[in-house]
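Chains as they are written, first to last, in the working numbering: chain L, 1 to 435; chain E, 1 to 435.
Don't read these hints as lab results, they were simulated from the structure.
Note that the structure is a prediction, hence the values are computed from the model and not measured.
Every residue gets a Cβ at the ideal spot worked out from N, C-alpha and C, and that includes glycine.
There's no promise every hint is true.
A few chain L residues that don't get close to chain E, going by computed Cβ distances all over 10 angstroms [unchecked claim]:
#: 1; residue: Pro60
#: 2; residue: Leu144
#: 3; residue: Arg190
#: 4; residue: Tyr192
#: 5; residue: Glu228
#: 6; residue: Val241
#: 7; residue: Val419
Heads up, simulated DSBU-like pairs for lysine-lysine below, C-alpha to C-alpha not over 30 angstroms straight-line [unchecked claim]:
#: 8; chain 1: L; residue 1: Lys218; chain 2: L; residue 2: Lys27
#: 9; chain 1: L; residue 1: Lys27; chain 2: E; residue 2: Lys186
#: 10; chain 1: L; residue 1: Lys26; chain 2: L; residue 2: Lys218
#: 11; chain 1: E; residue 1: Lys27; chain 2: L; residue 2: Lys186
#: 12; chain 1: L; residue 1: Lys352; chain 2: L; residue 2: Lys26
#: 13; chain 1: E; residue 1: Lys310; chain 2: L; residue 2: Lys26
#: 14; chain 1: E; residue 1: Lys310; chain 2: E; residue 2: Lys348
#: 15; chain 1: L; residue 1: Lys186; chain 2: E; residue 2: Lys26
#: 16; chain 1: L; residue 1: Lys348; chain 2: L; residue 2: Lys27
Restraint-style ranges between C-beta atoms, simulated for each label pair [unchecked claim]:
#: 17; chain 1: E; residue 1: Glu287; chain 2: L; residue 2: Gln100; range: 18 to 26 angstroms
#: 18; chain 1: L; residue 1: Arg295; chain 2: E; residue 2: Lys186; range: 35 to 43 angstroms
#: 19; chain 1: E; residue 1: Gln217; chain 2: L; residue 2: Arg9; range: 57 to 65 angstroms
#: 20; chain 1: E; residue 1: Gly246; chain 2: L; residue 2: Ser283; range: 40 to 48 angstroms
Number of protein chains: 2
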Amino acid sequence: MGSATPARRLRVVIVGGGFGGLACAKKLAGAPADVVLVDSRDYHLFTPLLYQVATALLNPADIAYPFRSVLRRLHNVRFFQATVAQVDLERRVVTTGRGQLLEYDYLVLATGSRSDYFGNDELRGQTLAMKTLEQAQRLRNHLLACLEHAAQSDDEVERRRWLTFVIVGGGATGVEYAGAISEFRKLVMREYPELSTDLMRIVVIEGADTLLPAFPQKLGSYAQRTLERLGVEVMSSTLLVSVQPGAARLSSGETLATETVVWSAGVRANDPAGVEGIERGRSARLEVDDRLRVRGRSEVIVVGDLAAVKADSGDLPMLSAPAMQQGRYAAGLILAAIHRTADPPPFKYRDKGTMAVIGRNHAVASLAGLQLTGFPAWVAWLTVHLYYLVGFRNRASVFLTWGWDYLRHDHPTRLITFVDADPVADRLAATTPSP
Amino acid sequence: MGSATPARRLRVVIVGGGFGGLACAKKLAGAPADVVLVDSRDYHLFTPLLYQVATALLNPADIAYPFRSVLRRLHNVRFFQATVAQVDLERRVVTTGRGQLLEYDYLVLATGSRSDYFGNDELRGQTLAMKTLEQAQRLRNHLLACLEHAAQSDDEVERRRWLTFVIVGGGATGVEYAGAISEFRKLVMREYPELSTDLMRIVVIEGADTLLPAFPQKLGSYAQRTLERLGVEVMSSTLLVSVQPGAARLSSGETLATETVVWSAGVRANDPAGVEGIERGRSARLEVDDRLRVRGRSEVIVVGDLAAVKADSGDLPMLSAPAMQQGRYAAGLILAAIHRTADPPPFKYRDKGTMAVIGRNHAVASLAGLQLTGFPAWVAWLTVHLYYLVGFRNRASVFLTWGWDYLRHDHPTRLITFVDADPVADRLAATTPSP
């Protein structure tokens with residue numbers, strides 16, 4: 001076209017509003033580009049605290065922020081609630097679950113990860129997971145319902161079965177959930193006069209020979225000692241073999257009588273349809289070049305859990321910090337293209353450390369070469385999380401309520417909630433076009 | 001039996017933990033009787049604020065209190081989560097949905113009310129209700145989903161249809177919900193840059209010739225003027241004839257293009273199976289004697305919405321205040337029987353008035369002969385509700401959060417939430433014994 005034609009505004013589609021996608025959208029605010037953020041839910045989820053929803057400590061709304069509220073002042077960013085049925089890299093178009101077409105000049109793939117059952121897909125229906133708000137609320141309902149069932153039973157064997165909670169996977173999620181349930185046992189079970197506290201059994205199964213395999217060994221040992229002091233049984237070098245109704249069979253030969261097996265043993269990339277041609281790294285993550293781009297397609301950028309990004313010690317972990325840095329980096333790449341400046345230097349992760357909380361007042365943290373445990377680590381954990389939450393809500397009241405409940409360890413949301421299905425809402429999350 | 005036999009402790013079963021049932025349970029605290037409170041949910045629900053959950057202003061947990069938490073210090077009161085399949089007045093036993101048997105010496109029936117479709121039961125599936133927490137959450141999901149659908153549509157007619165909200169019934173619930181949606185329109189729709197505020201239409205349909213037919217006429221007129229000033233259309237002397245997909249047909253001949261018809265036009269007694277032999281008053285409420293007892297069965301006491309209790313001007317209204325007074329009265333009757341003292345005098349309702357809030361800063365109240373409107377009525381409303389909520393939670397933080405959100409009119413819970421079904425939790429609410 002002639003030089004008199006004004007430059008068309010670039011269209012950017014971001015698929016997924018987790019830490020990576022949302023960081024990218026925010027960084028693109030004010031740019032001369034039309035940005036669409038697509039997500040099947042209408043909220044950004046602070047996943048590191050899902051286990052607190054699953055133990056009735058936090059409300060779903062405490063860790064979920066409506067995208068529209070977050071994006072309110074970003075006038076060039078539009079929110080579009082839909083699932084993604086297909087990504088067509090050739091035609092540069094994203095098809096939603098309801099058949100809508102979203103064309104792009106730049107595509108940011110940020111669809112995160114989901115539970116991995118390592119080929120044993122039966123486990124999906126036999127265990128409970130904690131990757132989404134739906135799952136965390138189900139887990140909360142399930143935990144509370146088990147207590148009610150136990151309270152109504154006159155049979156000791158049955159009561160013990162209802163009160164045995166098996167957590168498969170001793171990574172950060174498993175450790176944090178086990179610690180939270182042990183606090184729950186201490187503080188909430190006094191409201192069940194029918195039940196004695198020592199009927200409840202909490203077991204963590206870990207395939208490796210230590211908990212928190214992604215952390216320095218010292219921290220894994222500390223986590224194990226702390227959990228055991230809280231009354232949690234830790235079975236390391238042990239795998240879950242199978243789940244039958246009322247029983248979990250372990251690789252040690254032992255069978256645990258239980259109605260609750262929580263799966264936190266593995267995750268894999270949550271890849272959308274259409275990326276089959278892209279090479280995969282570990283956990284089915286998409287291989288990218290050193291600027292997070294799909295090789296041969298510089299307009300497709302992958303961030304967060306979905307991207308296999310090399311670091312000195314293997315791929316970067318599936319955590320919020322790398323995702324956010326990558327999201328901002330992706331935005332920088334797009335801005336450079338818009339302004340026709342040189343590409344930024346290759347992506348480099350600035351490691352800010354990792355941490356996990358264990359029950360109340362204990363945590364482990366690996367920060368800037370330091371290894372913290374106990375109360376100092378817990379204070380570090382609380383500071384980071386409060387800072388992040390308050391940053392989102394920017395409301396004194398959240399700080400007050402959350403801090404207050406957390407310090408008192410109240411469990412104010414102890415509800416077994418059912419939600420009536422609504423076809424109009426269901427349609428938004430539809431994965432196939434409605435007839 | 002001989003006089004040497006110690007008196008057996010009386011067994012009291014209370015069916016339903018609403019305002020009436022819970023007040024009765026609390027009043028029986030410490031009595032030499034074994035009390036069982038049966039409810040299909042694990043929480044007491046502050047129903048007057050359901051409409052605020054339905055407009056995303058409050059979290060479900062803000063208006064729902066776990067029974068076990070409320071009953072914690074009442075050592076002779078046990079909570080039993082179950083539906084009731086059958087009440088056998090002859091054999092004096094209550095059968096739960098899962099076939100458990102609860103024997104009683106005294107039975108307090110407090111099962112409340114449910115929506116009444118006046119014989120047109122098709123409407124149940126075609127409209128949305130607001131009597132339970134499930135329904136209020138569904139309504140919130142629906143309302144928010146309608147906005148997303150509208151935002152994704154390029155068709156003006158379709159957009160208007162998604163944004164037309166029809167509320168059938170101009171009683172307190174309908175008026176309060178209409179006012180709340182109009183506030184929602186004003187404050188939340190600015191987060192939908194795709195939509196203009198005046199696309200949203202809110203219509204209240206009322207069969208009588210004035211709103212709030214249960215209030216003095218002056219207050220109904222005030223409510224109508226106030227709603228109209230907030231941009232709500234009020235159609236009085238109008239009935240809903242039928243609902244088709246995308247349309248509501250009215251008795252005026254008009255058809256409204258809409259995806260949302262909220263039913264708040266009628267309620268009837270929510271009677272459990274087994275009470276068929278008992279005479280009925282209006283709205284299928286159970287007839288009782290002047291001491292709230294089923295005639296001929298002095299051990300069966302009926303309280304709250306389920307009971308037809310005569311007052312000077314017809315039956316007492318289905319409100320929390322009569323239910324609570326009746327619940328306490330029922331406990332008094334049982335205590336008199338336990339202590340072998342004379343029956344208390346017949347039940348007499350002390351009228352403390354009624355109120356309804358309209359949008360923000362406006363309300364109507366009929367209190368002790370006074371008729372208040374506007375800001376003074378709103379302050380009265382806020383005082384009573386804050387007092388009640390804080391009484392339940394007894395936590396400074398709830399007061400702070402709720403008051404803060406309410407005054408700022410923030411809608412912090414603006415989530416379209418789905419909850420994964422859990423068979424273990426579902427079984428607690430089962431209405432038929434599991435196979």
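Hints, verified against the model:
A beta-carbon of chain E comes within 10 angstroms of the beta-carbon of L/Pro60; the shortest separation is about 6 angstroms. Not every CB of chain E is more than 10 angstroms from the CB of L/Leu144 (nearest about 7 angstroms), against its label as outside the interface. The non-interface label for L/Arg190 is inconsistent with chain E: the shortest C-beta to C-beta separation is roughly 8 angstroms, within 10 angstroms. The Cβ of L/Tyr192 does not lie farther than 10 angstroms from every Cβ of chain E; its closest approach is about 7 angstroms, which violates its non-interface assignment.
Against the 10 angstroms criterion, L/Glu228 stays outside the reach of chain E, whose nearest CB is about 28 angstroms from its own CB. With a closest Cβ-Cβ approach of about 22 angstroms to chain E, L/Val241 is found to remain outside the 10 angstroms limit, as its non-interface label requires. A cut-off of 10 angstroms between C-beta atoms contradicts the statement that L/Val419 is not in contact with chain E; the least separation is 5 angstroms. For the hint pairing L/Lys218 with L/Lys27, the CA-to-CA distance comes to about 38 angstroms; that exceeds 30 angstroms, so the pair is violated.
Proposed proximity of L/Lys27 and E/Lys186 is supported: the alpha carbons are some 29 angstroms apart, at most 30 angstroms. With a C-alpha separation of about 38 angstroms, the suggested pairing of L/Lys26 with L/Lys218 is violated against the 30 angstroms cut-off. Of the supplied pair hints, the one linking E/Lys27 and L/Lys186 holds, its CA atoms being roughly 29 angstroms apart against a limit of 30 angstroms. Restraint check for L/Lys352 and L/Lys26: satisfied, since their Cα atoms lie roughly 21 angstroms apart, inside the 30 angstroms limit.
Using a Cα cut-off of 30 angstroms, the hinted pair E/Lys310 and L/Lys26 is violated, with the two alpha carbons roughly 62 angstroms apart. Straight-line distance between C-alpha atoms of E/Lys310 and E/Lys348 comes to about 9 angstroms, which keeps the hinted pair within the 30 angstroms bound. For the hint pairing L/Lys186 with E/Lys26, the CA-to-CA distance comes to about 25 angstroms; that is within 30 angstroms, so the pair holds. For a cut-off of 30 angstroms, the pair hint linking L/Lys348 to L/Lys27 stands: about 17 angstroms separates their Cα positions.
Distance hint for E/Glu287 and L/Gln100: a CB-CB separation of about 57 angstroms, inconsistent with the stated range 18 to 26 angstroms. The hint said 35 to 43 angstroms for the Cβ distance between L/Arg295 and E/Lys186, and at roughly 50 angstroms that hint is violated. Distance hint check for E/Gln217 and L/Arg9: the Cβ-Cβ separation is about 58 angstroms, which falls inside the suggested range of 57 to 65 angstroms. A hinted range of 40 to 48 angstroms holds for the C-beta pair E/Gly246 and L/Ser283, which are about 45 angstroms apart.
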